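Q: Here's the letter readout for the chains.
Number of protein chains: 2
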Amino acid sequence: MLEPKRGAIAAVPCSDNQNTSIQLVELEQESVARAVSDVSGRLAHYFATEVIDGPQLAVDLEMVEARYNTLAAGFRGADIFYAIKANPSVEILDRVAALGGYFDCASMGEIDLVLSRGVSPSRISFGNTIKKESAIRKAFDCGVRLFSFDSEGELEKLARSAPGASVFCRILAENDSADWPLSRKFGCSVKMAGDLLIEADRLGLDAYGVSFHVGSQQKNPRAWREALTDVAKLMQRLALSGVGLRMINLGGGMPARYDNGETDLLEYGAVVMAAVREQFGDRTLDLIIEPGRGLVADAGIIQAEVVLVSKKDDSDAPRWVYLDIGKFNGLAETMDEAIRYQIETIRSGEAVPAVLAGPTCDSVDVMYEKNPYPLPLDLKVGDKVWILGTGAYTTTYSSVAFNGLPPLASVCI
Amino acid sequence: MLEPKRGAIAAVPCSDNQNTSIQLVELEQESVARAVSDVSGRLAHYFATEVIDGPQLAVDLEMVEARYNTLAAGFRGADIFYAIKANPSVEILDRVAALGGYFDCASMGEIDLVLSRGVSPSRISFGNTIKKESAIRKAFDCGVRLFSFDSEGELEKLARSAPGASVFCRILAENDSADWPLSRKFGCSVKMAGDLLIEADRLGLDAYGVSFHVGSQQKNPRAWREALTDVAKLMQRLALSGVGLRMINLGGGMPARYDNGETDLLEYGAVVMAAVREQFGDRTLDLIIEPGRGLVADAGIIQAEVVLVSKKDDSDAPRWVYLDIGKFNGLAETMDEAIRYQIETIRSGEAVPAVLAGPTCDSVDVMYEKNPYPLPLDLKVGDKVWILGTGAYTTTYSSVAFNGLPPLASVCI
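So the protein sequences, as listed, match chains G and W.
Going by the working numbering, the first residue of the first sequence is number 1, and it counts up by one from there.
Going by the working numbering, the first residue of the second sequence is number 1, and it counts up by one from there.
The set of hints was computed from the structure by calculation and includes no laboratory data.
Copies of the same chain look alike in the list, so a pair counts if it works inside one copy or between any two.
Keeping only pairs whose Cα atoms sit at most 20 Å apart, straight-line, the calculated EDC-like set for lysine to aspartate or glutamate is:
| id | residue 1 | residue 2 |
| --- | --- | --- |
| 1 | 191 | 314 |
| 2 | 191 | 313 |
| 3 | 370 | 336 |
| 4 | 380 | 152 |
| 5 | 380 | 133 |
Here the structure is a predicted model, which means the values were calculated and not measured.
The shape of chain G in the complex, shown without the other chains (with noise of 0.2 Å):
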């Protein structure tokens, strides 16, 4: 890995000092975090040698590569089918299909975009459980023949669309311990997943497997398990009817860092490994896991400013700082302030708490009020910040030109 150029910073020393001179303030901006070193030196290396107007997201490809080779190893046996709606970018694209990986797909749209790499659409799933038939049709006419679905009116869509691919059930998993949980938008429970595959058999489809979610950002690995149980009654079920079904698809939920600790990967892939072998044993049955954050999240970085530092009142606290990014373009995740990620910046001083929000003239577009952030008291207008682990849904989740603003902008190195 290449060092981080460090400007002027091992010369003058990063200072408290309220007299610190603007030609001081430059050469500071010229610097990065050592946190984001830390993280990675390309990265850190691309922030402090790129001129960036803007918010920017930069994804390092190496670490892509190494978390997808950690997932690999922890989910060994497992198939993964990367979930790109968590980051579309081309150049992931492309490095997972070197990889061998296969894709998630979540619309037309995306299928269209793996497609367009020169991926086989046997490589592709579309995992949403809420397709137009149009969708489905277009799919199956471009060779995809792995389809999910959860309802009858999904499954009668299919069996007319797709006649003869392979489907797979979602089922409903318990996902409390998720910091984004997944509600009961998707899947069905067990006993309607049972009734349906037997419908699907009967309508000509390939009855092949099941599938769960138990929520993003999942960081207990032992919550597969009970979903797991499920998962073998169900089969033991269909087997009685003559239905064998031969997938299991894990989902996704391998949870990045955020600013709550990393987790291992590698043994925490062993123990829902392991909680898989409990139950189906030695059993021939093809593993799915779809990683999105779990993939890209840590992998990437932005590079924000700050765009004003303010108090509402003398006696007020804490203060603002406002950022040029924000709920709208880029940070969507902190609603609710869900995922709290890790910033950095240059400063040295004291960190207290502050209200942290985005440029927009929305009242919403603001990230950490109910639990302030703390920031450097030193941090001033123009100041670059580094928010970590923002890999993964940010650049999509952008809208597309709120207040006039772009959508955040992004590269690959």
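Got chain G sorted already, so can you dock chain W onto it with the hints?
A: Same frame as chain G, but now just chain W:
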């Protein structure tokens, strides 16, 4: 107004019969819910005659013009600065410009857009209190001379980069009765505003006035009264310091219809203007209002489509109805169920509560779960639905490509 084309619907009445033929259903699809034609015959005609693929917003420019004239009459004597963040479609900008309107812009991107329509910079207010200094300088270089601020940091930028410009300070206003309250992100205390306006004058800026915002979708016109009392006291204090303010920016907040009843904006404006006279009598003051939602929301209707109707379990209630539009491609303001849109269909079956959700693989993309939305029991996959009052804060909030879905399409007629 044109009468909507009703296809074969007049000859073959809408039926609750489960055996309705596919042919009849197709004919029904050509029709449009009566509620749409009640709002705008022009929009009903548009939806009845155009083949639209995917969700789309259509805005009736005649309705925008009518609303502009109502606001101008209700708030007689105030200049209308259209808050273009609500909907920056160039056809709307052109119509507002033709009516003699002004423009409230949130960013240099919005200013560039307005200038590109041939509008004079003298008709533009840079109304965001959070601006990069580079944007202030660029706007000033383009001829913009009206800027907002609410903090010392912003004032310093303005003094440096927009010397001599007219500035107004935003004060905090109470807004408990608004559906979309504006929190403390914008505005400072009245005391601080006084200090800052004196400072503005000292720095060579034109301390022009004061602004406040009573909260978006503010249904109580009396909400202005309290803030106006504060403004009057502030003006008195400043006059004693030799700083004579000449402008009050009354902000926006004028409500749209949504699902809880229309507001008579003529009467509403009269109540606000009476409160102004109560405080300031016949004093010559420039008055500004900044309607966004109040000008364009009711003039727009989104046509969307039912993608799936499902249950999670045989015993489960309520149904889930999935549309091809959700929080991430147009209906962001359903966040926390803040805005409850009026949704119309051509079905006449009994209306039974349904959880309404969008088409993405994101569990957050659920719109009305706490308070399910009554929809006809005979609503079916492929049915068109019309979402009323969606002319504001829909298109630009759209994510750029979340889940591979395109941003909300839009036309003006």
